[in-house]
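J.: Numbering (my numbering), first residue to last: 1 to 326.
You may find that some hints are simply not true.
As the list claims (entries may be wrong) - With a straight-line Cα cutoff of 25 Å, these simulated DSS-like cross-link-like pairs (lysine-lysine) come out:
{"#": "1", "residue 1": "K184", "residue 2": "K215"}
{"#": "2", "residue 1": "K173", "residue 2": "K184"}
{"#": "3", "residue 1": "K215", "residue 2": "K72"}
{"#": "4", "residue 1": "K184", "residue 2": "K72"}
Source of the hints: derived by calculation from the structure; they are not laboratory data.
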Amino acid sequence: FYRARIQALCARAGIGYRNIVYWPIFGGRMLTAGVMGIARRFRYILVTDALLRTLSPQEVDAVIAHEIGHVKKHHLLYYIGFMVGFMLIAFAINDLAIYLILYARPLYQAILHLGLDQTTIVSTLFSAIFLAVFLLYFRFVFGYFMRTFERQADVFVYSLFDSARPMIATFQKIALTSGQSPDKPNWHHYSIRERIAYLLQCEQDRQWVDRHHRKVRLSLTIFALAMVVIGLVGYQVNYGRAGRHIDRHFLETILMREIERTPQDAELYSRLGDLKYSQDALPEAARAYERSLALAPDNAQVLNNLAWLYATSTRATLRQPQRALE
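Turn these sequences into a full structure, and let the hints steer you where they fit.
T.: Listed below in structure tokens is the structure:
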């Protein structure tokens, strides 16, 4: 009986599926249904035993209409897009997270006093930043769209039926059988009372249905534009001129902190000289090379680099042919 009703409803809505199956979640005691699968040949409509035993045929129709709404509005595809959006954000903040850690000097120095390895500190803080971004993204961005999509699936009932009264009755039964307060919201659903109130508004004025569809379209447009901006920023930070500029400052910060910790390391001054030379900061490069040679006078690479600087510089104060020969 119920299979025939669900089949007829899906045919009326114009959606295909592989099969209609029982959903044994919590032993089938939950009063719920679902849709799994994006493509038609891999799509399954799931119903629990409690749903069929507790609801009237009209109420079951309303629940299935809700699930059909998810399919017709392509919500599962959008969820994949939101996952891609998080990966885009992760790409954009990858280098920025490391820079933030290293430029947060008070925090960084406080942790160093604990005697931990620098690599361990950076890796741990980097993971903590990404975990925080992950939680915030899924709590506020993903959660917002889940709530919005659930409401859009609720009002999709009006695409198949003249009234949402059976859906409202279903929510009331869920509130009674679940033992939870109808005012209790969660991060991915509005509360039952809010969902009922919105459907009652739609019963009085169907403009609320169109209003919500417009809200969804606007929200998706804003999200898409934000992802484009984040993608462009991420590209600039990781591959563009801005990224190269930040990288130079990043390397200089690392070198200066290492020099501060181990001021007798000639190799660090050599690397600082190379960095300054690449930035065309020749006076600073010369000072760094001289300091390196003061600590390690026989370093052939530094001797050669400093000689080349003194022999070829176009600045009168730095051009020292005799010193270059020495």
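J.: Tell me if the straight-line CA distance from K215 to K72 falls inside 25 Å.
T.: holds (17 Å)
J.: Starting from K184, check that the Cα of K72 is at most 25 Å away, please.
T.: violated (28 Å)
J.: Just to be careful, I want the Cα atoms of K184 and K215 compared with a cutoff of 25 Å; is the pair within it?
T.: holds (23 Å)
J.: CA of K173 to CA of K184, is that 25 Å or under?
T.: holds (15 Å)
Hint violations for this structure: number 4 only, all remaining hints satisfied.
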